[in-house]
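J.: Chain by chain, the residues:
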Amino acid sequence: MAQKILLKNINIPGINTFEVYRQHGGYAAVEKALKTMSADDVVEEVKKSGLRGRGGAGFPTGMKWSFLAKPEGVPRYLVCNADESEPGTFKDRYLMTHTPHTLIEGMIVSSFALGANTSYIYVRGEMMPQIRILEKAIAEAKNAGFLGKNILGTGYDLEIYVQPGGGAYICGEETALLESLEGKRGNPRIKPPFPAIAGLYGCPTVVNNVESIAAVSWIVVNGGDEYAKIGIGRSTGTKLISASGNINKPGVYEIELGLSVEEFIYSDEYCGGIANGKRLKAVVAGGSSVPILPANLILKLANGQPRLMSYESLAEGGFATGTMLGSGGFIVMDEDACVVRNTWNFSRFYHHESCGQCSPCREGTGWMEKVLHRIEYGHGKMSDIDLLVDVSKKIEGNTICPLGDAAAWPVASAIRHFRDEFEWHVNNPKAAMDGNYGLANYADPIPVVEEAS
Amino acid sequence: MSEKVKVTIDNIEIEVDPGTTILNAARMIGGDVVPPAMCYYSKLKGSGGKCRTCLVKVSQGSAKDPRPMPKLVASCRTTVMDGMVVQNITSPEVVEARKGVVEFLLINHPLDCPVCDQAGECHLQDLSFEHGKDQSRYEFKRRTFEMVDIGDKIKLHMNRCILCYRCVFTADQITDNRVHGILGRGDASEIGTYISKAIDNDFSGNVIDVCPVGALTDKTFRFKNRVWFTKPVDAHRDCDKCCGKVTLWYKGEEVIRVTGRKDQYGEVDEFICNTCRFDKKKTSDWTIEGPTKVDRHSVISSNHYDEKELLPVIDRKIF
Numbered sequence: 001m002a003q004k005i006l007l008k009n010i011n012i013p014g015i016n017t018f019e020v021y022r023q024h025g026g027y028a029a030v031e032k033a034l035k036t037m038s039a040d041d042v043v044e045e046v047k048k049s050g051l052r053g054r055g056g057a058g059f060p061t062g063m064k065w066s067f068l069a070k071p072e073g074v075p076r077y078l079v080c081n082a083d084e085s086e087p088g089t090f091k092d093r094y095l096m097t098h099t100p101h102t103l104i105e106g107m108i109v110s111s112f113a114l115g116a117n118t119s120y121i122y123v124r125g126e127m128m129p130q131i132r133i134l135e136k137a138i139a140e141a142k143n144a145g146f147l148g149k150n151i152l153g154t155g156y157d158l159e160i161y162v163q164p165g166g167g168a169y170i171c172g173e174e175t176a177l178l179e180s181l182e183g184k185r186g187n188p189r190i191k192p193p194f195p196a197i198a199g200l201y202g203c204p205t206v207v208n209n210v211e212s213i214a215a216v217s218w219i220v221v222n223g224g225d226e227y228a229k230i231g232i233g234r235s236t237g238t239k240l241i242s243a244s245g246n247i248n249k250p251g252v253y254e255i256e257l258g259l260s261v262e263e264f265i266y267s268d269e270y271c272g273g274i275a276n277g278k279r280l281k282a283v284v285a286g287g288s289s290v291p292i293l294p295a296n297l298i299l300k301l302a303n304g305q306p307r308l309m310s311y312e313s314l315a316e317g318g319f320a321t322g323t324m325l326g327s328g329g330f331i332v333m334d335e336d337a338c339v340v341r342n343t344w345n346f347s348r349f350y351h352h353e354s355c356g357q358c359s360p361c362r363e364g365t366g367w368m369e370k371v372l373h374r375i376e377y378g379h380g381k382m383s384d385i386d387l388l389v390d391v392s393k394k395i396e397g398n399t400i401c402p403l404g405d406a407a408a409w410p411v412a413s414a415i416r417h418f419r420d421e422f423e424w425h426v427n428n429p430k431a432a433m434d435g436n437y438g439l440a441n442y443a444d445p446i447p448v449v450e451e452a453s
Numbered sequence: 001m002s003e004k005v006k007v008t009i010d011n012i013e014i015e016v017d018p019g020t021t022i023l024n025a026a027r028m029i030g031g032d033v034v035p036p037a038m039c040y041y042s043k044l045k046g047s048g049g050k051c052r053t054c055l056v057k058v059s060q061g062s063a064k065d066p067r068p069m070p071k072l073v074a075s076c077r078t079t080v081m082d083g084m085v086v087q088n089i090t091s092p093e094v095v096e097a098r099k100g101v102v103e104f105l106l107i108n109h110p111l112d113c114p115v116c117d118q119a120g121e122c123h124l125q126d127l128s129f130e131h132g133k134d135q136s137r138y139e140f141k142r143r144t145f146e147m148v149d150i151g152d153k154i155k156l157h158m159n160r161c162i163l164c165y166r167c168v169f170t171a172d173q174i175t176d177n178r179v180h181g182i183l184g185r186g187d188a189s190e191i192g193t194y195i196s197k198a199i200d201n202d203f204s205g206n207v208i209d210v211c212p213v214g215a216l217t218d219k220t221f222r223f224k225n226r227v228w229f230t231k232p233v234d235a236h237r238d239c240d241k242c243c244g245k246v247t248l249w250y251k252g253e254e255v256i257r258v259t260g261r262k263d264q265y266g267e268v269d270e271f272i273c274n275t276c277r278f279d280k281k282k283t284s285d286w287t288i289e290g291p292t293k294v295d296r297h298s299v300i301s302s303n304h305y306d307e308k309e310l311l312p313v314i315d316r317k318i319f
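Respectively, the protein sequence lines represent chains A and B.
Take 1 as the starting number for the first sequence in full-length UniProt numbering and just add one per residue.
Take 1 as the starting number for the second sequence in full-length UniProt numbering and just add one per residue.
Chain A on its own, in the form it takes in the complex (with noise of 0.2 Å):
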């Protein structure tokens, strides 16, 4: 049994309520660091833990955080991202349900760590329900002295508030969230400046994700090199996975990083096999946003070793074989899904979302889309395939936020994997509408290269 962390008492009664959360060891985080450490010790704890961003980017938290402007007489801000929305992650959404405390515990202290005394939880507009358990939590621990003046004596003030979204996608990147949050128009800044320079009203800011932020607490109650234990190199710590699709058991799963991809698909523990005893085809690792790729390549690397899950395992073979772990959002399709139309309706999503502000991720997801809906409806051409390559490419590094690689690598990716389902229905329309193009060759063991002598 794999050590859990954020969901170890997911399954007590009661535990999104504050008094059983304390029972079970609860806020004990928020004693330890506010009485017993310095901000910089927990800064240091955190580096040491070596826990990396769960949003999906997986940058070092404790990096992020030491980059962290310190002028005087200037408020710092912390803000917590709860704007999930990746199709295929709700795993944030998850832990926000069940134990929010965990949530209020890692933003005491983190916000103890940064000297910010204001910080903010920017929740998705669609999360109505998510929204009001937070509130209560934090109507809660504010009772309990652990926010508001003087917390617990110690002479730290803390205000956390929760800020709704309007449901935007593209609010999940953080400077966009920091527009909206000031009450603009969710549109990405140019950056440099960074947020940890000039943030939130231009201000300091550091912009973490739910899970990275909830781990904190476990982290200052534990140490750091307890944390940087568990995993595998430098992905160290347990990741919530959200995993969805043809399985038999669909669900979040908080897993070790280093779990094999196989066991993680195929273990009674875990998504307990493709449902409906079908074969697996492909799966998206990381959310809609990395590269798709076929059984074969997801379950061993191109070397021939099992693939694991973890962020250096899952990009390994970079573009070309590899792809990415993401916001762990783990979609997996059986012999029967289409990858064109799944493309299309990625590709869909990204033209719906992309927030106009730079031309190529404006114009060009809404052509890959109307390319893919037209290759998916059996009016496809030969030469829309490299038409949609070469748009991807033209969009991807070129836009100001990262919206338009999101949007540009799953078709770039399903593409290059999948050409001949492509191939197929743009030659055979009649079958693409009925029927669909099966597992083919994409679970064949891969060829293992043969080393020059």
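Hints listed in this document are in silico derivations from the structure and should not be mistaken for laboratory results.
Please read all numbers here as calculations on a predicted model, not as lab measurements.
Quick reminder that beta carbons are idealized off the backbone N, C-alpha and C, glycines included.
Not one of these hints is a red herring.
Which residues of chain A face chain B? A partial, calculated answer using Cβ under 8 Å:
| id | residue |
| --- | --- |
| 1 | Arg185 |
| 2 | Ser354 |
| 3 | Gly356 |
| 4 | Gln357 |
| 5 | Cys358 |
| 6 | Ser359 |
| 7 | Arg362 |
| 8 | Glu363 |
| 9 | Gly364 |
| 10 | Trp367 |
| 11 | Leu387 |
| 12 | Lys394 |
| 13 | Asn398 |
The hints should help you fit chain B onto chain A, whose structure is shown.
T.: Here is chain B on its own, set in the frame of chain A:
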């Protein structure tokens, strides 16, 4: 920090003040190394970075840290560092990316230049001519909007808009209140006033000058004439609201349009008020300074050749 920093753009070295953007450093050099800019406007704070036509490659970050920047950067929003090496037209990657951006900008543009008032002084026209491809690969319906009157003097033709945000910045920074902005998202976003409202203040006319395309046009000039049949003349008058320095566009004896004076990058020197722009259309209102200098390559100069320039001689034999 008064020391100058050295930056190399397309193998041309120049020393500029710290804090200068790559684009402005390139403009100091001038000529072909200047990246095109559709959304950047030096007079408007915070503009730029959106159209991505000014992308350049930074092949050496600075003298201290010679690593190249991983992606192409928007030159209008990236400040120079000492010892920075920038590649603009010498980098095939940049040329290719720019071609892509031009194609993106044009896929939803109606390409109605023959009936567009901006034709001849349109930045998008110049851009696509200089950096674009001759054909588009886009085979779908373009997005369309209804034409809107915003105020009695300005027409908004949203189809042509490239969403450069210049008019939004202008309203924010030049006028005392902004009533228009970007509505919607992605390729459905549009300039609008939300509830149909007139943009009505003394400096609202400037949005026409800053618009790089024909999306915002002067209703007092619409369909009156092609730009290249008119003759620009610098003039000024005493105005209590603005500097009063303008360009009058003559058709014969008649002033058919008044605009701010624009520099070689199409940016106005100083913003002018609506009284000067829309109401003073008689020669007697103005003190004439002399003909505006127009770049010889511009289509605007096609009707008034400089006498010193010889007309091109066409060799009839080759036809």
